[in-house]
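Required output: the full structure, derived from the provided sequences and hints.
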Amino acid sequence: DGGITQSPKYLFRKEGQNVTLSCEQNLNHDAMYWYRQDPGQGLRLIYYSQIVNDFQKGDIAEGYSVSREKKESFPLTVTSAQKNPTAFYLCASPFQGGNQPQHFGDGTRLSIL
Amino acid sequence: QQQVKQSPQSLIVQKGGIPIINCAYENTAFDYFPWYQQFPGKGPALLIAIRPDVSEKKEGRFTISFNKSAKQFSLHIMDSQPGDSATYFCAASQGTALIFGKGTTLSVSS
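So the sequences go chain by chain: D and E. If you use our numbering, the first sequence corresponds to residues 377 to 489, in order. If you use our numbering, the second sequence corresponds to residues 51 to 160, in order.
The set of hints was computed from the structure by calculation and includes no laboratory data. A hint or two may mislead.
Straight-line Cα separation of at most 16 Å, EDC-like style, residue types lysine to aspartate or glutamate; simulated pairs [what the hints assert, rightly or not]:
hint	chain 1	residue 1	chain 2	residue 2
1	D	459	D	391
2	E	55	E	76
3	D	385	D	445
4	E	92	D	414
5	E	118	E	106
6	D	459	D	400
7	E	92	D	391
8	E	65	E	106
9	E	152	D	414
Here you go:
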């Protein structure tokens, strides 16, 4: 939506399985962010990247991994080490190249089978 | 460690009422305070934002009031409508990622 595309919209993970969530942007922005949203908890930062081939851990990075090989793509892998992965995952990128993420995708809802 | 505290958790108002959502922050280095609106199954959308050198900002029916000395800011929605029913998040940042409040679920009854 509005330049940030997340897929799939719904995803199911089996025990011990890694799954990858896609985030693509056509805004030509340098920075991209991943947040996790749990009911009643607000949004918490998982990882962020301010430039290609570089990324930083956020507040809850354990059990997650990312890559930033292309400017337009910032995929998030939820590994089997993440014991409570059920959540709504949101990708964001700032408007006009600023440092504050203001533009969100429509999210991926991950559930455990 | 919650750096942005938001209240109330939920709010019910009648159509035409003025819901007020409050947030308090701890880090005086924050320099950007946005509000987001989120509908079910969608990502948050930026509603309005303010910087600490301004005490009030209005955009349409939405107003942010900012009190730097008290480290508090609030969102007022004038003439609220049923279509305003959503979850609202305040946030704060210091140049990198945003720190969010836990959200307020607003219901506007007709």
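Numbers of the earlier hints that this structure fails to satisfy, in rising order: Failing hints, ascending: 3, 6, 7, 8.
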